[in-house]
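Given next are the chains, with one letter for each unit.
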Amino acid sequence: MFTDLLAQHFVHTALLAGAVVAVVSGAIGIFVVTRGASFAVHAISELGFTGAAGALVLGIDPVIGMISGSLVVGLVLGLLSLRGRERDSAIGAVLAFGLGIGVLFLSLYRGYATQATNLLFGSIVGVSSRQLFELTIVALIVTAGLAACYRPLLFSSVDPEVAAARGVPLRALSVAIFLLLALTTAEAIQVVGVLLVLTLVITPAAAAQRLTARPGLALALSILVALVATEGGILLSLAQSWPTSFFISAISFAIYIAARVFKRS
Amino acid sequence: MRTIIVIASSTALLAGCGGAKAGSGLAVVAAENVYGDIAQQIGGAHVHVTSILSDPNADPHLFEPGSSNALAVATAAVVIQNGVGYDAFMTKLENASPNAKRSILTIADVLGVHGRNANPHLWYDVPALGRIARAIADALEHADPVHSSAYRAGLTRFDASLVPLRREVARIRSTFAGSAVAYTEPVPGYLIDAAGLKNLAPSSFTRAIEDGTEPSPQAFAAMNALMTRRLVKVLLYNSQAVSPITARVRAAAVHAHIPVIGVTETLPPKRSFQEWQLAQARQLAAALAR
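Residue numbers (the numbering used here), protein chains in the order written: chain H, 137 to 401; chain D, 46 to 335.
In case anyone wonders, no lab produced these hints; they're calculated from the structure. Any given hint could turn out to be false.
Just the calculated beta-carbon pair ranges, DEER-fashion [as the list claims (entries may be wrong)]:
{"id": "1", "chain 1": "H", "residue 1": "Gly195", "chain 2": "D", "residue 2": "Ser261", "range": "17 to 23 Å"}
{"id": "2", "chain 1": "H", "residue 1": "Arg307", "chain 2": "D", "residue 2": "Lys146", "range": "54 to 60 Å"}
{"id": "3", "chain 1": "D", "residue 1": "Asn102", "chain 2": "H", "residue 2": "Val294", "range": "49 to 55 Å"}
The following residues of chain H were derived to be distant from chain D, with all beta-carbon distances above 10 Å [what the hints assert, rightly or not]:
{"id": "4", "residue": "Val159"}
{"id": "5", "residue": "Gly172"}
{"id": "6", "residue": "Ile200"}
{"id": "7", "residue": "Arg223"}
{"id": "8", "residue": "Ser225"}
{"id": "9", "residue": "Glu270"}
{"id": "10", "residue": "Ala283"}
{"id": "11", "residue": "Pro288"}
{"id": "12", "residue": "Ala299"}
{"id": "13", "residue": "Gly303"}
{"id": "14", "residue": "Ala308"}
{"id": "15", "residue": "Glu367"}
{"id": "16", "residue": "Ile393"}
{"id": "17", "residue": "Ala394"}
{"id": "18", "residue": "Lys399"}
We treat Cβ as the ideally placed atom computed from N, Cα and C, and that holds for glycine.
With the rest of the complex left out, here is chain D:
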């Protein structure tokens, strides 16, 4: 039970907005730094991006916003959020500072992802990244039409930079389609689908981990058996929300010589979104080839 309130740190400016003075440019607030990074790449010097969830060592489900986050949302021209319950704190911050002129972009709405069972880790959906980037560029352009051509150019540049990632995912699909893998949490779920892989981890296990509750003994046994009986080729391990239970699954995988890949929900510092996703996809390909 999550009664202990874990408080995350204050907002951090994204690496890469170098030189931009605080307050200059279009004020953009991204709930997750993955979207903040994309907005920064598309907007360049014309935007001033603040990302709220930016610590890859903190569990986003335990995040509680502080006054600096509330101030960022109150003064933003554009807000980008994931939706489907992943960043429900954003709705609270927006309602606490009503502003008709602020535009709010919800990625889940862009992709038409709804319902209580939806996997919220939308930025792992490689085939949808083009649509996400276009929606972000549209939002920037709408809020700041003067720099429209810069945002269009930024979008084209960003889209082109996705080619290696798309190629890597296509390569995994053509070589390893149908291969069985398992994840401790559905973080890379959309990537697994796009790469044509099959997740065997029981949802009763992964959902309990995602919700921070205890999986039933049956769920844990089923998950563990995937490792000890070597039924999967790779274990994708969410290194951002670890528990004694996921650590035991990880140990079982290592013991059975199943390659373990760490995946995070939040973009690690000093990396671009594309570099990070490409590195993870390459690790996955390398592990599958073992």
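Same shape as in the complex, but just chain H:
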């Protein structure tokens, strides 16, 4: 069974798509986690659904709706440019209202919403070559964006007060990082599903931050952990027919726990 599977086209596509998602999620995750904005990943992925429901009501492609929905939420969260405790509650408030709108959209839509909302539930074993191509393009855009504003992004994430005092444009950077996160999330959800996006953006970065205080090293470690979890999870799910999402989240979590224990000792 395992060797049969390794010869399959869909397995190769899954491994490649997994690697692309892992690299970009691991990289953006460092900035998200440093800002204490993990909750935003959840909000953006949930509210992509509201965008898709809105697209159904308007009769346009739900995928476009989802991407626009995610970007709008990213923009709102970026503009609010929140700090500390306020950020947590503000994301919660935006999330709750967005979900409410989603429920309204679904009730306004005359037809079976399942037909279209299915689009939002990606599966790593069902990735087409075209989706892999689109995913790679989005990953390149996000990586280029992160590389272009790497220093100021990091500065504003780690120490916003000092960064502001030095004239770093906090609000613009905040909008930029949330838009890049929204783009990553919206594209990756269709391919690998909500659970994996949450896992790969948050957990590897959290583990990496436990292990090192040096930003460059943390970025590399975060990408490495995401890659190990994704590729390892896919291979394990071929050997043992349990869901891939479980294995990937389990490996990430195990590394995270190990990082915490290691750091303490």
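Knowing the structure of chain H, use the given hints to seat chain D on it.
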């Protein structure tokens, strides 16, 4: 909101392909076990059928395919799927494993059912079953012309075995045509139409249940009133996708002494498609006669 991903179990070989060694015969993958059962009956020992949705206790709308499903689709010679969004995961699995030689049969295309508002539970359409079976037999024959005569004979046999079901539906129609019933979800919609019955459940309610969203208070009140005011003779209850709301409607029906019939989307184990549909039609007839 369905953010929690419910993962269904691995594929199960259909009961009844007894003795057939894994891998021998024409590899057929059916997205739903109803079509898998029909293909198995028509193809007999010449086909090796794998059905993906086969658990009558799981909600098909929450299904997520795994690697064994993807492998089955990748190596299949014939794929049978429902279409109209019911099994959108199949399109993903097919696109992930391009194969020009694999033939894909979409039942919705066979019956010309399209559009966002179409009821996807096509296998409840008793008058269309002959066309569905013929399309399946044609697909098997096309992929494996050597056993053509066996598939033709299988089709004739299957068609003949539908007679009791057709007769039962005709009997309901002649006796109870125009009777009011209600369903919690449009699963048996085509059966209700074929039997000449009238569904009074508001679509605002049934669509919300089907989509897994919350029905508005008005929709719930209208549905509940059908029970408490005894405006329907039978409640057809989808026992495969229950929620606290459908459970309350069911309780209201029981309280008002309205007979409740459980219907499922997926073929229960150890039963043939015809036995299952006939049993449900008989229960419906018995409930209407009460």
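Now for the hints, and whether the structure bears them out:
no., hint, verdict
1, H:Gly195 <-> D:Ser261: 17 to 23 Å, "22 Å, holds"
2, H:Arg307 <-> D:Lys146: 54 to 60 Å, "56 Å, holds"
3, D:Asn102 <-> H:Val294: 49 to 55 Å, "50 Å, holds"
4, Val159, "21 Å, holds"
5, Gly172, "22 Å, holds"
6, Ile200, "16 Å, holds"
7, Arg223, "21 Å, holds"
8, Ser225, "21 Å, holds"
9, Glu270, "12 Å, holds"
10, Ala283, "31 Å, holds"
11, Pro288, "33 Å, holds"
12, Ala299, "34 Å, holds"
13, Gly303, "40 Å, holds"
14, Ala308, "31 Å, holds"
15, Glu367, "14 Å, holds"
16, Ile393, "23 Å, holds"
17, Ala394, "26 Å, holds"
18, Lys399, "31 Å, holds"
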